[in-house]
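> These protein sequences, in sequence, are chains A, B and C.
Numbering-wise, my numbering puts 40 at position 40 of the first sequence, and it's gapless, one number per residue.
Numbering-wise, my numbering puts 3 at position 3 of the second sequence, and it's gapless, one number per residue.
Numbering-wise, my numbering puts 285 at position 285 of the third sequence, and it's gapless, one number per residue.
Treat the hints as calculated values from the structure; they're not laboratory data.
Among the clues, some could well be false.
Straight-line distance between alpha carbons at most 27 Å, and here's what the computed DSSO-like set of lysine-lysine pairs gives [what the hints assert, rightly or not]:
| id | chain 1 | residue 1 | chain 2 | residue 2 |
| --- | --- | --- | --- | --- |
| 1 | B | Lys290 | C | Lys58 |
| 2 | C | Lys297 | C | Lys356 |
| 3 | B | Lys290 | C | Lys63 |
Rough simulated footprint, nothing fancy, chain B against chain C, three-plus residues with beta-carbon under 8 Å [unchecked claim]:
| id | stretch |
| --- | --- |
| 4 | 29–40 |
| 5 | 59–72 |
| 6 | 75–86 |
| 7 | 187–193 |
| 8 | 283–295 |
| 9 | 315–326 |
| 10 | 340–354 |
Using N, Cα and C, we set each Cβ at its ideal position, and we do this for glycine too.
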Amino acid sequence: MADIDSQNNTSQTQNSSASGEAAHGKTVTKLLLVVVGMFGFGFALVPLYEVFCEITGINGKTSDEAAVYEAVEIDTSRMVTVEFITRTNSGMPWEFSAQTKRVEVHPGQMAQVDFYVRNPVSRDIIAQAIPSVSPGTAALYINKTECFCFRHQPLKAGEEAIMPMTFYVDPQLPDSITFFTLQYTLYDITATADEAEVVALNNSLGR
Amino acid sequence: MSTVTDTANTPATDDAHGHDDHHHHIPKGLMRWLLTTNHKDIGTLYLWFAFIMFLVGGAMAMVIRAELFQPGLQIVEPNFFNQMTTVHGLIMVFGAVMPAFTGLANWLVPMMIGAPDMALPRMNNWSFWILPFAFLILLSSLFVEGGGPAFGWTFYAPLSTTYSGDSTALFVFSVHIMGISSIMGAINVIVTIFNMRAPGMTYMKMPLFVWTWLITAFLLIAVMPVLAGVVTMVLTDKYFGTSFFDAAGGGDPVLFQHIFWFFGHPEVYIMILPAFGIISHIVPTFSRKKLFGYASMVYATASIALLSFIVWAHHMFTTGMPVIAELFFMIATMIIAVPTGVKVFNWVATMWRGSISFEVPMLFAIAFIILFTVGGLSGLMLAIVPVDFQYHDTYFVVAHFHYVLVTGAIFSIMAAVYYWLPKWTGRMFDITLAKWHFWCSLISVNVLFFPMHFVGLAGMPRRIPDYALQFADFNKWISIGGFAFGLSQLIFLALVIKACRKKGEKVSSQVWDGAEGLEWEIPSPAPYHTFDTPPVVK
Amino acid sequence: MLALATTASERSDLNLRPGVTDISQQVYSLHMMMFFICVVIAVIVFGLMFYSMIRHRKSKGAKPANFHDNVKVEIAWTVVPFLILIGMAVPAANTLIAMEDVSKPDLTVLVTGSQWKWHYKYMDNDVEFFSIMATQQEQIQNKFTKGENYLLEVDRPLVIPTGQKVRFLITSDDVIHSWWVPDFAVKKDANPGFINEAWTNVNEPGVYRGQCAELCGKDHGFMPIVVIAKDPADYEAWIVEQEAIARRAAEEEQRLLAMSMSMEELMATGKRVHDSVCAACHMPNGEGLPGVFPAIKGSQIALEDQEAHIDIIVYGRAGTAMQSFARQLTMSEIAAVVTYQRNAWNNNTGDMVQAKDVNAIMNGN
């Protein structure tokens, strides 16, 4: 080892004296900054993951913002089958079903699917639908111009409703994907919803 | 290795008392240990703590193996079984392996770089003394209503959030304290190595244990805060209504696994890099030959550490990832085999044409090289995504990481203790007992972990309290191996107690005839204060 | 150790099974290739090591050589492993790409994990059911002799046709589970709120068994998977029969709505339902596991508000392990179990609940 780095001897620090203490303080400060930075990085992973998912479709989540329909060319050369699954979470009493089980569309073509919901119990409930697509990469190519999943959905006791969802499949969709599934899971979020929303639900006159 | 030139100036040769005015007399009894800022005392505390935790975690493993001795539920209920696997894992990782390495670092790093103590002695005291509280909290959680954490040491959400027991807050609190302790320890090691090397001790002259610990310490300060972050998210998800990992609120349970393993994979290297350092000291000593490829050892360690940040998702191939991500993580993981291979080849080349003798530390070191390589090769198999779909979450994985952590990390710690114990106590340990310990451990550990490969491949999932009848024969053997391995460690306990009572033959400062390095140039036992005046390294 | 390489029998106790699909057989050969490469590497490295340990011993008078680096050798043992790795990665990538085929399936099954059972729903037919471990508690508690398929048997297995591409959409109602059938080389996590997919194309009819592979709580070890692969014609007959059974069950449910059961009937059915379904968490004695699963015995919900009691069984409770049982139990079963829980273990409310009371909660009339 002696052959390596032997000209560097003078740069070595002493191990006692005031200058040593100051050097310690400096190093400790830098290291603490790293620690704080990494703690922050742990939390930064949350939005980073979301961005990463939006780019790669890693978790099959669709965008939660409405897409604007751009006049894309409809790719009439192929058909894509989109299948719909509806589920309700534990503790969510609503009936929830897709009016259409599956649709066949050309990429670029607009389509509308209606979802039926009914609140059979005697309390008002605010719901949130969470989408998931499989295979995950397809999530990148489904553009929803309107969706009930963008907003909280309130229903008074005993009410029913039709919730529309309009979308088109991006013509950029890889050829290998001819078939994908879009699942919505409905969650009861009454307990965590804003007070204002609950009040609005109570005051609304129904549909 | 480096040599001390002006031994005459080294106060190490003086008596520990009354040389310098800041060498007050050592307080006696409990207060000495409670208030000590001496790196050797703190190293001893860490090592004893780690050993006690090793026995506690081992006792839990005995419960697990007793339940799995035969099919059916005999001894514990499934919920308690899950608590045992969880707390066994947490204790062995955070309570046994990591503190043992920190203890070795405390004892050895200052002695190896010619420093009088760690750079931040008071923080050193704190970083040790908060550790027992962390584990008291964790262990006490087993006795609260509903029991302790039962969600595996990986605490995947939402099992650890929405669906966990009332004691989760205790778990989170104790993990926070463990994290703070590790971070303080790591900072101390880095500052010591950066600022307190003896004149002439350049980076590329540093002993490999110091190098591997420096890199480990950087891994620690990089990832322990991430662990703190993720347990905090678990806490807020469970108690304060956030939804980081809850789909209902826009979160994603898979995100938990990404953050956890971003910490978790570097964490497993935290538990093995110092072992590489230890083996790189022992093999040359007993081969009476210089370590082969010192520089490539340093670079290999650094590249393993860097690669550890980009392979985390290989723990999550079954969560559903795009093919391209799976390929990336597979290839990145496989590349780690290259620097790891370099290390193994370097050790073998060090032994090649040496003059080898088989003292107890060398026996453990050789067992380490062979059995760690077995664990490394099964790790390579696990990296291959399509077959990982079959191996994932089976006993094959359990076999893999126990080969790496028990016959890897733990064997290296034992090798280190046998290697440096005479330096610490000034006496040779009981060699007969040590050989018994080695051979009993070696045989039983393989009876314990090798058949796990078979049951895993045949399809036995991990973390189950009961299993199908086809796995019964092997599980019986595994349990017998487990009990034997557990009992073998009591030999070690007896040996260490005997050594601490100053039994045995006095040793020279050199101890082992081929040993090189600054720590062998101070007397045995190492005086309470060493290197008050720095040695000069040529 | 080498002997196990040749045991390619169906279900080895030592080795991975080749399985019954083209993919699983590819996975098996990949595994064997990896295994042999690893054995060869180990033999070479350990061989050199043992040679050195035997020949270069101090006790034999070996004198240490003086070398401590050699650039050529070091480059060689960096480059050669790299090439071996490429040799491993290429077939692995090919198999992986073959596994991720997203072409249109012949049949889709929605697989839902929940604590601690699986639910299967055929997307193209009106058939769905829960699949629950069929091994008796007495076998687990060592009171009865353990059967051949101990812990690997279910009340209603999943049935799929052979020779067709069957797609599994996998999701979960509560924690993360993992659906694993080793014979198909399919293992995919069931993540709550998200769907994953996997597929298989089984070559031979048969019964294939697997287990949940991700720790999912107390009874993680007790949620097996059984898949029966049938010839397409047999499968067709089976699915038609299942649809008929489902229709009849719905009619029977309507019929029972109009009827009232006696207290004895309610208590008997209720005990059966409680012991097979509720007892996993709330324990057969209704005392639960303090700190984890609440007691029913002496609880407010079982003693006071009857509607809330029905509601929690029908819909579950969000943010807890209490799931919805509306799909798993019939209305009369729910009525019976509520009656049982309100009268067993000194709860003694004297309340009787009938199917129509459950219907009132579920359908709001």
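> For each hint, tell me whether it holds in the structure or not.
Outcome of the hint check:
| no. | hint | verdict |
| --- | --- | --- |
| 1 | B/Lys290 with C/Lys58 | holds, 15 Å |
| 2 | C/Lys297 with C/Lys356 | holds, 25 Å |
| 3 | B/Lys290 with C/Lys63 | holds, 13 Å |
| 4 | 29–40 | holds (count 5) |
| 5 | 59–72 | holds (count 10) |
| 6 | 75–86 | holds (count 5) |
| 7 | 187–193 | holds (count 6) |
| 8 | 283–295 | holds (count 4) |
| 9 | 315–326 | holds (count 4) |
| 10 | 340–354 | violated (count 0) |
Hint check: a violation occurs at hint 10 only; the rest are consistent with the structure.
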